[in-house]
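Student: Chain R is already provided as a structure; the job is to place chain Y on it using the hints.
Now for the letters of each chain:
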Amino acid sequence: MTDSPRRSRTEAGPAVAVHGLTKTFSVPLHPGRGIVAVKDLNLRIEPGEVYGLLGPNGSGKSTTLKIILGLVSPTRGRTEIFGRDSRLVESREAVGFLPENPYFYKYLTGEETLRFFGRLCGLRGARLKERIDELLELVGLTKARKRRLGVYSKGMLQRIGLAQALIHDPRLVVLDEPTAGVDPAGSREIRDLILDLKRRGITVLLSSHLLAQAQEICDRVGILADGVLVREGHLQELIAIENQTELVIADASAQLVNEIESVISRSNAKLIERRKSTTTLERLFLEATAKNDEGRTNQT
Amino acid sequence: MTNIENASTVQPFNASTLAKPHRAFSPGRIGAITANTLTELTRLRVFYVLLVFALLLIGSSIFMAQFSFQQEFQILKDVSLGAISIFTSLLAIVATARLLPQDLEDRTVYTILAKPVPRFEYVLGKIAGVLLLLAISTLVMSAAFLLVLFLREQAVIHATLGQMSGAPPEQIADALRAIRSSALNIDIFPGIIIIYLKACLLAALTLFVSTFATTNIFTIVVMAFIYFIGHLQATAREYWLQEHSSGLLTRVFLAIVALLFPDLQAFNLVDDIVAGTAISLALFTKTALLGIFYTTIYTLLAAFVFYGKEL
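Chains R and Y supply the protein sequences, listed in that same order. So the first sequence is numbered by the numbering used here: it starts at 1 and just counts up by one. So the second sequence is numbered by the numbering used here: it starts at 1001 and just counts up by one.
Simulated from the structure, these hints should not be mistaken for laboratory data. Predicted, not measured: the structure shown is a model, and the values here were computed from it. Honestly, I wouldn't trust all of these hints.
Listed next, with one range per pair, are the computed distances between beta-carbon atoms [to be verified]:
#1 Ser73(R) x Thr1215(Y): 19 to 27 angstroms
#2 His1158(Y) x Arg148(R): 44 to 52 angstroms
#3 Ala225(R) x Leu1259(Y): 47 to 55 angstroms
Backbone N, C-alpha and C fix where the C-beta goes; we use that ideal spot for every residue, glycine too.
Only chain R is shown next, with the shape it has when bound in the complex:
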């Protein structure tokens, strides 16, 4: 694992800056009317952080991402990527993007897909080939490299999508609902890939409505509702309950736990809940399905 952030150079300014962004979509046949998708949005995402843009469907997450990527023009305000106006094509040199439910070209193989996107980014020859090999290895698709995307599963498509987003070694990766429609195992793989990007110092901006997953990977989050940013901040600060503390103890005897409780009762503090620690449903699912896979493998 490349633990140390590879971007040793200091980044001047934020990775993404959004200033007073408003987007109104016009309604066909009703010239005076419009649908406000995003309203007066301000964001600042620092280099190296994982930022989650959260919100229900139709809250303006995808529109915001598209404006940041220069795919949609804002009605008011402006967006910048590493100090460059998003409307400039060259601002996208530093960006990799994975759209929601990407389809790509079904007639291309995994390898051809990466070669195509690599060539769009100016990569050629041995350097491109080397990069393709590395990324296929990274996303676990080396064996499927010669297969056409038409036969890829949803999870595989998502992983080849992530590989194409990384082909030119971007400093910022934008992921729109990266785990939408992917099964828990595939979802975990994508989560691990995002955490790996973070370890390598790549800024990640993702949109999601899967809150549990966002909680696991995001440093900061912003919550959009009807196009308005209603909450923003460091995740731990946002979800912490200021006057409560959790102790998680392993191998504690009943006597020790009783003593702790009695210490608490003698003080001004109040014990709210005493319960066994639990695993997550996701972990349980993954363990169960992994054992099942092992059994099937042994039978064959």
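Tutor: Leaving out everything else, chain Y in the frame of chain R:
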């Protein structure tokens, strides 16, 4: 499974060496989109169906040898050049109509334009891919047609020599000259080039229509109208200007029609070739320039509309 545990094997590239400085115009990027478009179109079954059908049509004309050799060669040229013209036009419209709407529907356009690719390069790459496909199709169909024509010419020459074995040499030479002049002649080649340019024009126009269309069907229906109006407008114009008093209103209306719809009949040189009329250099140059002009204009219009399009 992913190989996060092996991620240390992925050597991070230095961004300054991996990503080349951005260039406002890159033939490499356009080439990548062109090659991809060509791959997409050649892997579509519709392309092969059209090609096989055209080849069958050309091949079937061999069996029309019930007539005199002049008639046979005329029918062969008429049917084959007509088939090449119709199939390249059809291919231009059908292949181009799906390119942009399909990319929008599949969201592949987002991944492409989220890379440092200007929108006009995307449009240029797409049209270049179609023009390349049309060039290959025209070449293959023309090669098949010329081969059939050559083989029939040789067969007729062989049969004539057999029948005229005792005839004086001057008479044989005259007969051979007559056969050769009615079979392969140089005017076929400019005719094929014009057919190709007409298909290019239709492809560029289809691309332009598809920039504001939402479905392939809409584009194809609009193009079918344009195709027929384009073929009829010259005749209609002539009729209106000759038979009716050409008032200002008529002239303005005709001018608008002529501006909106290309005169596709101007690209029909097949009748001249079949009749054996020589195509003058002036006529060829004028028609070719018209084709290039229209193709360029429609491509620029497509790029302009796509530039301002909300994706």
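Student: Now tell me, hint by hint, if it's right for this structure.
Tutor: Hints and how they fare:
The hinted range of 19 to 27 angstroms is satisfied by Ser73(R) and Thr1215(Y), whose Cβ atoms lie roughly 24 angstroms apart. At roughly 50 angstroms, the beta-carbon separation of His1158(Y) and Arg148(R) lies within the given 44 to 52 angstroms, and the hint holds. Restraint check, Ala225(R) to Leu1259(Y): a C-beta distance of roughly 50 angstroms satisfies the suggested window 47 to 55 angstroms.
Consistency with the previously given hints is maintained throughout, with no hint failing.
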